[in-house]
Amino acid sequence: MSEINTVAVLGFGTMGAGIVQVVAASGRPVTVLESSRERADAGLAALTSFLDGGVRRGKLTEVERADLLSRVRPVTDVAELAGSDLVIEAVTERADVKSDLLARVAGVVAADAVIATNTSALSVTELAGSVTAPERFAGLHFFNPAPLMKVVEVVRALRTAPEVVDALVSFAGSLGKDPVVVKDRPGFLVNHLLIPYLNDVITEYDNELADAEDIDTALKLGLGYRLGPLELLDLIGLDVHEHAARSAYEATHDPRFAPPPLLSQMVAAGRLGTKNGQGLRTGKDQAQ
Amino acid sequence: MTAQERTVAVLGAGTMGSGIATVTVRAGHRTLIHDLDDERVARGVDTVRGFLAKSAKLGKLSEADAAAASERIEGTTDLKDLAGAGVVIEAIYEDMAAKRALFGELDGIVGEDTLFHTNTSTLSVTGIAAGSARPERVVGTHYCNPAPLMKLVEVADGRHTASWAHRATIEFLASVGKTTVVTKDRPGFIVNRFLIPWENSCIQALENGLGTKESIDTAVTGALGHPMGPFRLLDVVGLDIHQQVATRLYEQLRDPKFFPPPMVDRMVAAGDLGRKTGRGFYTYDDTRLFGS
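These protein sequence lines are chains A and B, in that order.
Going by our numbering, the first sequence opens with residue 1, and the numbers climb by one from there.
Going by our numbering, the second sequence opens with residue 1001, and the numbers climb by one from there.
Hints were generated in silico from the structure; no laboratory data involved.
Yeah, the Cβ is synthetic: ideal placement off N, Cα and C, and Gly gets one too.
There could be a bad hint or two in this list.
To be verified - Label pairs and their in silico Cβ distance ranges:
no., chain 1, residue 1, chain 2, residue 2, range
1, B, Gln1243, A, Ala66, 19 to 29 angstroms
2, B, Gln1204, A, Thr92, 40 to 50 angstroms
3, A, Ala103, B, Gln1243, 44 to 54 angstroms
4, A, Lys59, B, Leu1058, 32 to 42 angstroms
5, B, Ala1067, A, Ser264, 35 to 45 angstroms
6, A, Ala133, B, Gly1225, 56 to 66 angstroms
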């Protein structure tokens, strides 16, 4: 397996932009595929404004910012990805959309290029079925926000070749991340542990164990967590958590993963957390 | 009576009792610490004074304040000495019958409006309060270990707790520098209610080969921002303590997520209790430091 020098990222949304930033910061050129010029421009604008913030806070210099952006090349044509050593897919969490795109990309890149998916909720082994030579396919799961979160899960699918896992581990290490090799189970490792815990907190909050602020305060002061579970849920997005929980439940029928009624109701009512100013902690406290 | 004038009595001179007594003397309350024999009482008093002396040495407290606080602690083995206490904080071993009996006996010693606090972590506040003829004055106040360093106290009323007792408890805890959260009299309150199933699920993930202890600890600290991974934390808490707390919660809730996974029983049987024995999930070279 040759070294990973050139990288392509599929999708310039939140996760895609975060991954692009991390990879470009490691000195590698990154090609980013989007479905339209407008979306590609929007992704680049979001990345630029994020980096501007970093410059203002003294996290990086003007020169570093310019260098980083010079390595990012947004494209809308799959054929432009031909020379990539590694492709990281980070488009919407829909199996059909991902499969279609992965099949097209696999037809363009070299036969030994590594293809990885950043899915958090779908089976990596199932997605591997959409590419030729599925032994080169694995999961590379970044956490949001990708530039700040240290851990990356390297997901070994049923057919992933050991040298592909090794290559992704050393690639993640070269990005300054802590790679953790995990099995292709619903939720992999972190979400497998996190989803039941967060569901449990939502259920007990609904059961009036304590008010939302006191639950968060207890776990922050008692256990030293940086964020309480309910403020974490608001940040993740209640719709995002609901989708992850439902996917894990559908794949396992394990009731610990089933979205609690209050969660589904919050999503149905359009209360999605920090992003729209209404969540389990957001909006409510101020209103009272 | 202002908080500063109130005499505090702490029942039980073990780790939690001496830690709580350290909190109250540091905040200006004259504190009487009670245990069954002189040796335990003396050890409790020494623990309080030792902590204060160390705080002064580390510059966390002035020499004068540490000396003054050290003078506020007094020990006794005679419950009758608690007669003048405005607040009694029970921190004896986790046994419902013993806690009830103690509150019953204190009814005849202390004043009518003396607050009874129980530091139980796994028993029902209502059940303990039933030992007193005046259950309306009993409030659950669960401190975290080490009490002098941890800000949090979980406050849980029993079924019959009066609102005056609840309010006075919140005020008292604020006066000793604690942050309170109000919860219900349910097994595990908030922290253990969520910590125990969390730790159990991490142990199960390890048993099921989802990761190694190192990879799970790395993933949890790196992705979730916890200060310690689940296995490092279990080693600090002690596998025997985790087993006890988990079993007690399971006995009350009958939900399997609280039940300690088989690996916990095997580790306890093997004497691998964590840091305190030099081996738990990890091995430690520095057990010699403990107790020296």
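*Tell me, which hint numbers fail for this structure?*
Checked against the structure, the hints that fail are numbers 1, 2, 5, 6, while the rest are satisfied.
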